[in-house]
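**Student:** Given next are the chains, with one letter for each unit.
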Amino acid sequence: MSVFDTIRIAASGLTAERLRMDVAASNIANAQTTQTQNGQAGQPYQEEEVVFQATQMGPMAAAQGVAAVAIVKSTQPGTRVYDPSNPDADSTGFVNYPNVNVASQMSDMMGAARSYQVNATVAQAAKQLALDALDLGKA
Amino acid sequence: MNPIGAVSAISGISGVSGASSITGVNAVSGASTLSGAGAVDGSAASTQAPGNSFLNSLNDAFSQLNNQLSTADSSISSFAAGGSNADISTVMLQMEEASLSVKTATDVRDKLLEAYQDIMRTQV
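Line order of the protein sequences matches chains Z and P.
For the first sequence, counting from 1, position 133 maps to 133 in the numbering used here; every step adds exactly one.
For the second sequence, counting from 1, position 21 maps to 21 in the numbering used here; every step adds exactly one.
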């Protein structure tokens, strides 16, 4: 198991956490979005969540990195607000808003940021190990 | 920007193959630190007939180093060009990997030259 495997595992963690951050940003940005990407009224944005999976990255089965395998949409019902003047209101005057929970998205974002820092620290430590090993050769 | 240009000058070290027939070159087993690059089999250098095998594995190590450098190079340029799949963490870590490999290669070269010079300084 080379030191590069450690760095690559940490890199996979960095990439995965950045994707989680992207998804949290998308959820927060679309917390009030009442139309889908195709412009269909009455079909609000649905909260998205990343699914991570462990993947073997080096010659050893124990050394596993992480990969994002899917982004699933939450099926939780959204909130319905009575606002007949809204252009996206349905026939009864209710507007369907997304099922995004901004508070939980904020905590998810903080978790992603912390995990990113941890992975960066692992990469830094692995690099330092390699440099220390190289110093052994110095006179 | 091709730091490998400096490194490929090391391939001139194959001119040292005359010295590699001397078992004293086994003192270069410090080269097995290159196994970090996953290419040099230090034991092969010491158990097989000294000569080609060590230089072959050294060549392999350098070609792997070259691969790493070109990977880093291409990901830097795709990141600079705003490539959508370019991740700054991936780019930085690939650069770090390449820089570690270059450091290892220069250390191995230093060791080799040191051994060569030790032999050349032998009193006749």
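Check the hints yourself; a few may be wrong.
No farther apart than 16 Å at their CA atoms in a straight line, the calculated lysine to aspartate or glutamate pairs in the EDC-like style are these [as the list claims (entries may be wrong)]: (1) Z/K127 <-> P/E96; (2) Z/K138 <-> P/D110; (3) Z/K73 <-> Z/D90; (4) P/K103 <-> Z/D132; (5) P/K103 <-> Z/D135; (6) Z/K138 <-> P/D87; (7) P/K111 <-> Z/D135; (8) Z/K127 <-> Z/E49; (9) Z/K138 <-> P/E114; (10) Z/K73 <-> Z/D22; (11) Z/K73 <-> Z/E48.
Pair ranges (Cβ atoms, derived) [as the list claims (entries may be wrong)]: (12) P/A80 <-> Z/A113: 51 to 61 Å; (13) Z/E48 <-> P/T106: 25 to 35 Å; (14) Z/V72 <-> P/T71: 50 to 60 Å; (15) P/G82 <-> Z/A70: 39 to 49 Å; (16) P/G83 <-> Z/I28: 20 to 30 Å.
From the derived model, a few chain P residues whose C-beta atoms are all more than 12 Å from chain Z [stated by the list, open to error]: (17) N52; (18) N56; (19) N59; (20) N66; (21) Q68; (22) D73; (23) S78; (24) A81; (25) G82; (26) G83; (27) I88; (28) V91; (29) M92; (30) Y116; (31) I119; (32) Q123.
Derived from the structure by calculation, the hints contain no laboratory data.
Each residue gets a CB set at the ideal place from its N, CA and C atoms; glycine is no exception.
**Student:** Could you run down the list of hints and mark each one as holding or not?
**Tutor:** Taking the hints in turn, this is what the structure says about them:
Annotation: proposed proximity of Z/K127 to P/E96 holds, straight-line Cα distance about 8 Å (limit 16 Å). At most 16 Å may separate the alpha-carbon atoms for a hinted pair to count; Z/K138 and P/D110 meet this at roughly 9 Å. Taking the CA atoms of Z/K73 and Z/D90, the gap is near 23 Å; set against the 16 Å cutoff, the hint is violated. The suggested pairing of P/K103 with Z/D132 holds, with an alpha-carbon distance near 12 Å, which does not exceed 16 Å.
This hinted pair checks out: P/K103 and Z/D135 have alpha carbons roughly 10 Å apart, not beyond 16 Å. At roughly 35 Å between alpha-carbon atoms, Z/K138 and P/D87 are farther apart than 16 Å, so this suggested pair is violated. Annotation: proposed proximity of P/K111 to Z/D135 holds, straight-line Cα distance about 13 Å (limit 16 Å). Restraint check for Z/K127 and Z/E49: not satisfied, since their Cα atoms lie roughly 32 Å apart, outside the 16 Å limit.
Taking the CA atoms of Z/K138 and P/E114, the gap is about 12 Å. The hint holds against a cut of 16 Å. Straight-line distance between C-alpha atoms of Z/K73 and Z/D22 comes to about 14 Å, which keeps the hinted pair within the 16 Å bound. For the proposed pair Z/K73 and Z/E48, the alpha carbon gap of about 4 Å is at most 16 Å, so the pair holds. Here the CB-CB span from P/A80 to Z/A113 is close to 25 Å, at odds with the stated 51 to 61 Å.
Range check, Z/E48 to P/T106: Cβ separation about 47 Å, and the 25 to 35 Å hint is violated. Take Z/V72 and P/T71: their Cβ atoms lie about 32 Å apart, and the range 50 to 60 Å is violated. The supplied range of 39 to 49 Å is broken by P/G82 and Z/A70, whose beta-carbon atoms lie about 26 Å from each other. Checked against the given bound of 20 to 30 Å, the beta carbons of P/G83 and Z/I28, roughly 26 Å apart, stay inside it.
The claim that P/N52 lies off the interface holds: its Cβ sits roughly 24 Å from the closest Cβ of chain Z, which is beyond the 12 Å cut-off. No Cβ of chain Z approaches the Cβ of P/N56 within 12 Å, the least distance being about 20 Å, so the stated non-interface status holds. With a minimum CB-CB distance of about 19 Å to chain Z, P/N59 clears the 12 Å threshold, and the non-interface call stands. P/N66, annotated as away from the interface, keeps every beta carbon of chain Z farther than 12 Å; the closest lies near 15 Å.
Look at P/Q68: its CB is around 9 Å from the nearest CB on chain Z, not clear of 12 Å, so calling it non-interface is violated. Interface exclusion of P/D73 from chain Z stands, the closest Cβ pair being 17 Å apart, more than 12 Å. No beta-carbon of chain Z comes within 12 Å of the beta-carbon of P/S78; the shortest separation is about 15 Å. Here P/A81 stays apart from chain Z, with its beta-carbon at least about 19 Å from theirs, past the 12 Å limit.
A cut-off of 12 Å between C-beta atoms confirms that P/G82 is not in contact with chain Z; the least separation is 16 Å. Annotated as non-interface, P/G83 keeps its C-beta farther than 12 Å from every C-beta of chain Z; the closest such distance is 14 Å. A beta-carbon of chain Z is positioned within 12 Å of the beta-carbon of P/I88; the least distance is around 9 Å. The Cβ of P/V91 sits about 10 Å from the closest Cβ of chain Z, inside the 12 Å cut-off, so the non-interface label is violated.
Annotated as non-interface, P/M92 brings its C-beta within 12 Å of a C-beta of chain Z; the closest such distance is 9 Å. Chain Z leaves P/Y116 outside its interface by the beta-carbon criterion, the shortest separation being 16 Å against a cut-off of 12 Å. Non-interface call for P/I119 relative to chain Z: holds, since the shortest CB-CB distance, roughly 17 Å, exceeds 12 Å. With a cut of 12 Å on Cβ distances, P/Q123 stays outside the contact zone with chain Z, its closest approach being about 22 Å.
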